[in-house]
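Participant: Quick mapping for you: the protein sequence lines, in order, are chains A and B. Numbering follows my numbering, with no gaps: position 46 of the first sequence is 46. If you want my numbering, it's the 1-based position in the second sequence plus 1000.
FYI, nobody ran anything at the bench for these hints, they're computed from the structure. Don't take every hint at face value.
Over 12 Å on every C-beta distance to chain B, these chain A residues come out as not near it, computed from the model [unchecked claim]:
#1 Phe30
#2 Leu95
#3 Pro96
#4 Val97
#5 Pro98
Okay, derived cross-link-like pairs now, DSSO-like style, lysine-lysine, Cα gap no bigger than 30 Å in a straight line [claimed, not checked]:
#6 B:Lys1188 x A:Lys65
#7 B:Lys1126 x B:Lys1028
#8 B:Lys1188 x A:Lys8
According to the in silico footprint, chain B covers these stretches of chain A (three or more CB under 8 Å from chain B) [stated by the list, open to error]:
#9 11 to 19
#10 36 to 43
#11 47 to 53
#12 61 to 68
#13 78 to 86
A quick note: this is a predicted structure, and the numbers were derived from the prediction, not measured. Ideal placement from N, C-alpha and C gives every residue a C-beta, glycine not left out.
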Amino acid sequence: MAETLVRKRTYFWVWVALICLTGLTGGISFINLGEWSTAIAMVIAVIKALLVATFFMHLLYEKQKVVWIWSAVGIIWLSILIVQTMDDYVTRGFLPVPGK
Amino acid sequence: MSEGSQPNLSAREALDLHSLHTHYADLKQQRESATLGMWVFLVTEVMFFGGMITGYVAYRFAYPEAFRAGSVHMLFMAGTLNTAILITASLFVAFAVHAAREGNQRWVVNFLLIAMFLGICFLAIKGYEYHDHWVEHLVPGPWFQWNGPDPRHAELFFVLYFFLTGFHALHMTIGIGLVAFVAYFAHKGRYTPEYHNPVENVALYWHFVDIVWIFLYPMLYLIGHQHI
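Chain B on its own, in the form it takes in the complex (with noise of 0.2 Å):
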């Protein structure tokens, strides 16, 4: 379609005849098709973190004791606050969805930095954490030390919360990098209520990782009975 054909189009209109992929019969379709794709990655997600799930409860269960040993080193107060602040972040990202389809642009620029702050802070109490547990001598490998009985085990249960809450932790650097992409074209005016798939598909995969840690918090935090 050359410029000029439509005459009549508003701005609005033209920017949603330009986000409209040819494939596709009209915006409805193409959004439809958006989220559909997105819901099929996220139970690929699933079973990504499932493989490490699987691990963990079949190791609990033959080792209840040293996993719980193992628990009582865990932040208990850093874990608490690290699932607030994540559901504190989801809370701004679905009022950041609410204001695209609202058509309401600065508001999703405005709710995604805050979710992309908090989203930051979990990562910092997260490497507090990491460092503590250095210091500790509590990562697996040669200078891991357990005075506890079970030392072998102990540290099976280390390797599993290093591997779960260091994909977790992943997931979060991609989907703060995704929400400050979105936050950038947002930002451009580059959405409207019509067409704001990306919004929706990040603001999902951030709701999904937050979601993974929900699970992750009593897994690993809450086994030990008793907090440090």
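So here's chain A without its partners, still in its complex pose (with noise of 0.2 Å):
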């Protein structure tokens, strides 16, 4: 054998545990719970796509290390692309402009 094995049973646990995440967030999405609608929101996607990461693609088993800091950087550059590109947009309007 090559790779480690995972159980079969460990995966079907995850998928019961992504439908149950799914069935949650599409739950709470018809209360308006103001700016904590999405925050909330994105902590249930952020937790089911390191689900899927770490058991279905096998990060958690993988020895490589070189391939958690590639998965790391696809988070890291993305954090940079969203996060340096609304430090504009969001604080435009903070200080008084002469002219604007």
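Once you've looked at the hints, go ahead and assemble the two chains, each given alone in its own frame, into the complex.
Facilitator: Pasting the structure below:
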């Protein structure tokens, strides 16, 4: 056997968790919690994505550290893109600029 | 190496030897390179969708009410069902990898065929939704009609919706094609527990496309707080 053989039961329980989280986020979306709505929905989405990456994509069982680094690079680059774009848009109204 | 120079090779060992490219020391090194290469590719895919997602974040921050009003027109049940379908398809792709690691190619084919069927169901439901938006005049362009306030920025929501889900659907279509390709070679008996890199890598691609949808679902379907 080349790779770690993950038990089928593990995959099944990850699937159960993913389906439950989908139902949860869909259910919560009927309630308007203001700014918390988006935050809760994104936290649930991140948990679901981590479950897929760690179990289905075998990141948890990956022996090559460099693969872990690359998966983190994806998150870091995306964060740079979004955060540094938004720190412009969000802060534009902060200071009164003459002539604006 | 000429035929017959290794008379003691079993059929499987011969197949493994055939699968090893000359510039790798062994199948383990080849497999590790394939996995790493796939992850690097997936990071470029994160950035591909990342550009559109950043556009979504910036404009939703600027026009939250128009985006909320646009999201109310999403078909909530269709989107939720599609999320469940994709997650289930991912489960069967994971089972296919499991079967490949065990060397059970018959079940690699069976699990991949189930995943393909679910992928086609996803695209069919997506097509039904697109048809609904078309009939409702929600497709951006000269026929876009909007009764609420701020039609320009509601239209912007639909531009982002069609680009994000459209490129996701394109990835799904490619994924179904790749799964069919791998299922064909598994059916031909091409893979062994030592060499089944295409099964592993196509599975990684499929799961990645699943993750993209996991984020699109709350971004597009769940921000209206009322569903039709």
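Participant: Any hints from earlier that this structure breaks? Give me their numbers in increasing order, please.
Facilitator: 1, 6 and 7
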